[in-house]
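Q: With the sequences and hints as input, model every part of the structure.
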Amino acid sequence: MSKEAAYILGTHNEELDRLGFQHRVWADAAHALWHKANIRGGQHVLDLDCGPGFASFDLAGIVGHDGLLTGIDRSAEYIDYAQQKSAASGVQNTRFVHSNFAEMELGKEQFDAAYARWVFSWITNVDETIAKVAASLKPGGVFAVQEYLQWGTFRMIPEHPDVRVMIEACRESWRLMDSEIDIGRTLTERFEKAGL
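Using the numbering used here, count along the sequence shown one by one with no gaps and you end on 1088.
Accuracy of the hints is not assured; some may be wrong.
Distance condition first, Cα-Cα at most 30 Å in a straight line; then the derived BS3-like pairs of lysine-lysine [what the hints assert, rightly or not]:
| id | residue 1 | residue 2 |
| --- | --- | --- |
| 1 | 1024 | 977 |
| 2 | 1085 | 928 |
| 3 | 1085 | 1000 |
| 4 | 977 | 928 |
| 5 | 1030 | 977 |
| 6 | 1085 | 977 |
| 7 | 1085 | 1024 |
| 8 | 928 | 1030 |
| 9 | 1000 | 1030 |
| 10 | 1000 | 977 |
| 11 | 928 | 1000 |
| 12 | 1000 | 1024 |
| 13 | 1085 | 1030 |
Cβ pair distances, simulated, as ranges [unchecked claim]:
| id | residue 1 | residue 2 | range |
| --- | --- | --- | --- |
| 14 | 1053 | 1000 | 50 to 56 Å |
| 15 | 1054 | 1020 | 18 to 24 Å |
| 16 | 957 | 1071 | 33 to 39 Å |
| 17 | 1053 | 1031 | 50 to 56 Å |
| 18 | 1030 | 1052 | 46 to 52 Å |
| 19 | 953 | 1031 | 24 to 30 Å |
| 20 | 1082 | 1058 | 26 to 32 Å |
Keep in mind that the hints were calculated from the coordinates and are not lab data.
Computed from a predicted model, the values in this text were never measured in an experiment.
For each residue, glycine too, the CB sits at the ideal point set by N, CA and C.
A: What follows is the structure, given as structure tokens:
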């Protein structure tokens, strides 16, 4: 895969490997959230900012052949990767769409559930994106999100000074961007404002 400006860390093979590893580390937490959100067979689920589709394929397995998983991402490379993986694996209940959040068209009452992991901390049109997803959910639909709340509290035992340097450098980079790393603090209020 080639590098692309759509992702701060790029879309090259090393980043693809890192994302796969990251998904495996967080898979149990994701599955617990999906269970709590009552994502089940036969549903149509949206994976917002699906990247190369690691969570998408897990969700496709949950909704089964009677369900549908739609993944949306701003990276053409990642959408291409997910489409190729879907075709090579014979997975027929997935659909991957290349679009950024400002231009995405989700339609009204299309999805039983939506999922997003570490999406809102990277974007500036948070409220607009939440409103689009809220409108796309069927009555009673759920929007399950994993997001940062206090990112700077990350710790390793035993402590290593380089980790603290890395954390502070990352926090400073977010201070220079328009997005908010600890967006989880405001999501409940934003969701309620959107009718969720």
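Q: Tell me the numbers of any earlier hints that the structure contravenes, in ascending order.
A: Hints 6, 15 contradicted; others consistent.
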